[in-house]
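Colleague: The listed protein sequences correspond, in order, to chains A and B. Residues 1 to 296 in the working numbering are what the first sequence lists, from first letter to last. Residues 1 to 401 in the working numbering are what the second sequence lists, from first letter to last.
Hints were generated in silico from the structure; no laboratory data involved. Just so you know, not all the hints are guaranteed correct.
Stated by the list, open to error - Residues of chain B clear of chain A, computed beta-carbon distances all greater than 12 angstroms:
#1 Ala-13
#2 Val-18
#3 Glu-41
#4 Asp-142
#5 Gln-169
#6 Gly-193
#7 Arg-239
#8 Pro-358
#9 Ala-370
#10 Ala-376
#11 Gly-379
#12 Asp-386
Said to hold, decoys possible - Dumping the calculated EDC-like pairs for lysine to aspartate or glutamate here, alpha-carbon to alpha-carbon at most 20 angstroms:
#13 Lys-110(A) to Glu-352(B)
#14 Lys-135(A) to Asp-92(A)
#15 Lys-275(A) to Glu-228(A)
#16 Lys-110(A) to Glu-233(B)
#17 Lys-264(A) to Asp-125(B)
#18 Lys-264(A) to Asp-142(B)
#19 Lys-309(B) to Glu-233(B)
#20 Lys-110(A) to Asp-202(B)
#21 Lys-264(A) to Glu-224(A)
#22 Lys-264(A) to Glu-207(B)
#23 Lys-351(B) to Glu-377(B)
#24 Lys-156(B) to Asp-125(B)
#25 Lys-229(B) to Glu-200(B)
#26 Lys-110(A) to Glu-157(B)
#27 Lys-264(A) to Glu-145(B)
#28 Lys-47(A) to Glu-64(A)
#29 Lys-108(A) to Asp-125(B)
#30 Lys-108(A) to Glu-310(B)
#31 Lys-222(B) to Glu-145(B)
#32 Lys-110(A) to Asp-160(B)
#33 Lys-108(A) to Glu-64(A)
#34 Lys-351(B) to Glu-310(B)
#35 Lys-108(A) to Glu-157(B)
Small disclaimer: the values here were computed from a predicted structure and weren't measured. Backbone N, C-alpha and C fix where the C-beta goes; we use that ideal spot for every residue, glycine too.
Residues per chain are reported as follows:
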Amino acid sequence: MSILVTPQTRVLVQGITGAFGARHTQLSLAYGTQIVAGVTPGKGGQKFEDTVPIFDTVEQAMKETGATASAIFVPPGFAADAILEGVAAGLDLVVCITEGIPVSDMIKVKRAMTGSRTRLIGPNCPGIVTPGEGKDSSGGCRMGISPGYIHKQGNIGVVSRSGTLTYEAVWQLTSLGVGQSTCVGIGGDPVNGTSHLDVIKMFNDDPETHGIIMIGEIGGSAEEEAAEWIKSNCRKPVAGFIAGATAPPGRRMGHAGAIVSGGKGTAAAKIEAFKAAGIGVAETPSEMASTLLKMM
Amino acid sequence: MNIHEYQAKELLAARGVVIPRGSVCETAEHAREIAASLIAEGETLIAVKSQIHAGGRGKGTFKSGYKGGVKLFKTAEEVHAGASAMLGNVLVTKQTGPEGRLVRKLIVAGAPAIEKELYLAVLLDRGSSRPVIMASTEGGMDIEEVAARTPERIFKETIDPAVGLMPYQARRIAVQLGLRGDLIAQGAKLITGVYRTWAETDASLIEINPLCIIIGADAKPKLVALDAKMSLEDNALFRQPTLLELRDLGEEAPLEIEASKFNLNYIKLDGTIACLVNGAGLAMATMDIIQHFGGRPANFLDVGGGASKEQVTAAFRIILQDPNVKGILVNIFGGIMDCNVIATGIASAVKETGMKLPLVVRLEGNNVQAGKRTLAESGLTIISGDSMADAARKVVQAVAA
Chain A
1 MSILVTPQTR
11 VLVQGITGAF
21 GARHTQLSLA
31 YGTQIVAGVT
41 PGKGGQKFED
51 TVPIFDTVEQ
61 AMKETGATAS
71 AIFVPPGFAA
81 DAILEGVAAG
91 LDLVVCITEG
101 IPVSDMIKVK
111 RAMTGSRTRL
121 IGPNCPGIVT
131 PGEGKDSSGG
141 CRMGISPGYI
151 HKQGNIGVVS
161 RSGTLTYEAV
171 WQLTSLGVGQ
181 STCVGIGGDP
191 VNGTSHLDVI
201 KMFNDDPETH
211 GIIMIGEIGG
221 SAEEEAAEWI
231 KSNCRKPVAG
241 FIAGATAPPG
251 RRMGHAGAIV
261 SGGKGTAAAK
271 IEAFKAAGIG
281 VAETPSEMAS
291 TLLKMM
Chain B
1 MNIHEYQAKE
11 LLAARGVVIP
21 RGSVCETAEH
31 AREIAASLIA
41 EGETLIAVKS
51 QIHAGGRGKG
61 TFKSGYKGGV
71 KLFKTAEEVH
81 AGASAMLGNV
91 LVTKQTGPEG
101 RLVRKLIVAG
111 APAIEKELYL
121 AVLLDRGSSR
131 PVIMASTEGG
141 MDIEEVAART
151 PERIFKETID
161 PAVGLMPYQA
171 RRIAVQLGLR
181 GDLIAQGAKL
191 ITGVYRTWAE
201 TDASLIEINP
211 LCIIIGADAK
221 PKLVALDAKM
231 SLEDNALFRQ
241 PTLLELRDLG
251 EEAPLEIEAS
261 KFNLNYIKLD
271 GTIACLVNGA
281 GLAMATMDII
291 QHFGGRPANF
301 LDVGGGASKE
311 QVTAAFRIIL
321 QDPNVKGILV
331 NIFGGIMDCN
341 VIATGIASAV
351 KETGMKLPLV
361 VRLEGNNVQA
371 GKRTLAESGL
381 TIISGDSMAD
391 AARKVVQAVA
401 A
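With the hints as extra help, turn the sequences into a complete structure.
Modeller: As structure tokens, then:
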């Protein structure tokens, strides 16, 4: 099993005809993901790559194809609207890849999603991969921009705020012959749909996940909250890494949410919280996989 | 994007926030004129405030030796002398670093007699994903210190984005700040104006410190925003064209401006090992691992997910302009992008720039074998790193040698 998505999950892509969305839809199709629909307003009735039907609205796409999850690739100014269209249509899962959405838009999106059944992952994230059983993990569900081939089907859950650091951890696992249940990029923005803790709880409840790698970075206190919960509730070994120990305070390190402000959100405080919760702390980012495996 | 105090005050005043009477100027002569007219209007004390994007101005020192980037004067002639000492000179404060900042503009404004100093801010509360208004009776101090010593003197009001700031919330803050009688309505109006400014400009932070109670000419107490610090959210600037014009390139590091032209995310640090990485998280982790093995990172540099040859070349040029750099670590996890394209970019950038410093490259991912071959056959002295740890260790050794 896995969390959030399985190889059977029927996925639609919002922004399928844009260059970015099109490129990654092709890669997901090649990986074997069930991309069943695309949405681009005004292009309803056309087909993507002669195979995937395009619709004008998410609602139509869901009704016609049975899609339950959406990957969003629209530009930042349109992303809040795209997310809420997916929420209004009643999707189970919306994964927003878009980087650069204004925080004020995300504040409104989160407020509007109160009580809704949809789970939002991201924005500003690499997406989700549940590896498949084929060659180079093909046949899995790839929503987003992660390289599919670095994965391997297995039993480790990975959750991270950073894209390339996730790939690093996944590749370390795969190179050691250890596979993953699901890898989730929750995104580098200060306001996001799903937190580390949300994903950790899902991994804890997933019988096929036997161990967890949690990758965090400076800014906010989501890692500390996850650690606090893990301390008394998590039944599985967790290893972690926090990026940004050398980042100067008050400067945004690439990700909108990666900033130490007012002395809050430092790497030292997060590492301390990890240690207090019994999370194995990788001394360097080269040791994320080996730190977890030592605990298992 | 940070903006100047005078710019913040203009945005606030346009939304009903009371600020001291005054104006901004670029010459000492103009400063004298503004002061003379303020004195003619009845002001008895004039504040002259250096406009730079850094705090600690009052206690700062100019490189000329002149003390104080914010000063009070009684006459227009004193204002002229003070302005002459500040304009065109470099002010060093605890926030500017030793290089300081050039002062090119001053605020010249009335300095009312202060009865009480308060604190007011609007920012994002990451925990609740909502805006929060933070207020304190302890104005004029570092708010982090107040939070550490007397947290009970800080009041917070979380705003529901569906309805915005409600009047009762503004009144509640006013009362918590100890305002009574007429001042409650004045305070609520000011707080509402500050919140509106935050929401309408897509600001990430507005801080009024101090917010002052003064005694007006009519002998009645009045609320005035004596100082204002404001930063705007970069991600929202695409829809705020008038605010984009407030950007002051003179306040930004030249290398960072150059990098932004190539969509490179570069932040200069003070170490000796430069790094060039794809992805923000991996870039931070690369800095960390350099430090772990005993080196010091010279910069943060994220070339993004789809780095082109032009970007890689520009990145090398920028890195090499930092005279502290003694070695370079390139760390690329080419998930989707072709490692060979990156390798070709690195080789041509090294040739183009004539770079002689030790260069360690760690490539991983898509088409990595071809990429490694390209580097090996380039005829350049490039040290190959197998993992992040291996590469970091090698670059630290190379720089130490």
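Colleague: So, for every hint listed, does it hold in this structure?
Modeller: These are the hints, each one checked on the structure:
| no. | hint | verdict |
| --- | --- | --- |
| 1 | Ala-13 | 22 angstroms, holds |
| 2 | Val-18 | 26 angstroms, holds |
| 3 | Glu-41 | 38 angstroms, holds |
| 4 | Asp-142 | 10 angstroms, violated |
| 5 | Gln-169 | 16 angstroms, holds |
| 6 | Gly-193 | 18 angstroms, holds |
| 7 | Arg-239 | 7 angstroms, violated |
| 8 | Pro-358 | 20 angstroms, holds |
| 9 | Ala-370 | 15 angstroms, holds |
| 10 | Ala-376 | 22 angstroms, holds |
| 11 | Gly-379 | 29 angstroms, holds |
| 12 | Asp-386 | 10 angstroms, violated |
| 13 | Lys-110(A) to Glu-352(B) | 48 angstroms, violated |
| 14 | Lys-135(A) to Asp-92(A) | 29 angstroms, violated |
| 15 | Lys-275(A) to Glu-228(A) | 11 angstroms, holds |
| 16 | Lys-110(A) to Glu-233(B) | 18 angstroms, holds |
| 17 | Lys-264(A) to Asp-125(B) | 12 angstroms, holds |
| 18 | Lys-264(A) to Asp-142(B) | 15 angstroms, holds |
| 19 | Lys-309(B) to Glu-233(B) | 30 angstroms, violated |
| 20 | Lys-110(A) to Asp-202(B) | 17 angstroms, holds |
| 21 | Lys-264(A) to Glu-224(A) | 11 angstroms, holds |
| 22 | Lys-264(A) to Glu-207(B) | 17 angstroms, holds |
| 23 | Lys-351(B) to Glu-377(B) | 13 angstroms, holds |
| 24 | Lys-156(B) to Asp-125(B) | 10 angstroms, holds |
| 25 | Lys-229(B) to Glu-200(B) | 16 angstroms, holds |
| 26 | Lys-110(A) to Glu-157(B) | 18 angstroms, holds |
| 27 | Lys-264(A) to Glu-145(B) | 13 angstroms, holds |
| 28 | Lys-47(A) to Glu-64(A) | 14 angstroms, holds |
| 29 | Lys-108(A) to Asp-125(B) | 13 angstroms, holds |
| 30 | Lys-108(A) to Glu-310(B) | 38 angstroms, violated |
| 31 | Lys-222(B) to Glu-145(B) | 27 angstroms, violated |
| 32 | Lys-110(A) to Asp-160(B) | 11 angstroms, holds |
| 33 | Lys-108(A) to Glu-64(A) | 30 angstroms, violated |
| 34 | Lys-351(B) to Glu-310(B) | 13 angstroms, holds |
| 35 | Lys-108(A) to Glu-157(B) | 17 angstroms, holds |
Hints 4, 7, 12, 13, 14, 19, 30, 31 and 33, counting from the list given before, are not met by this structure.
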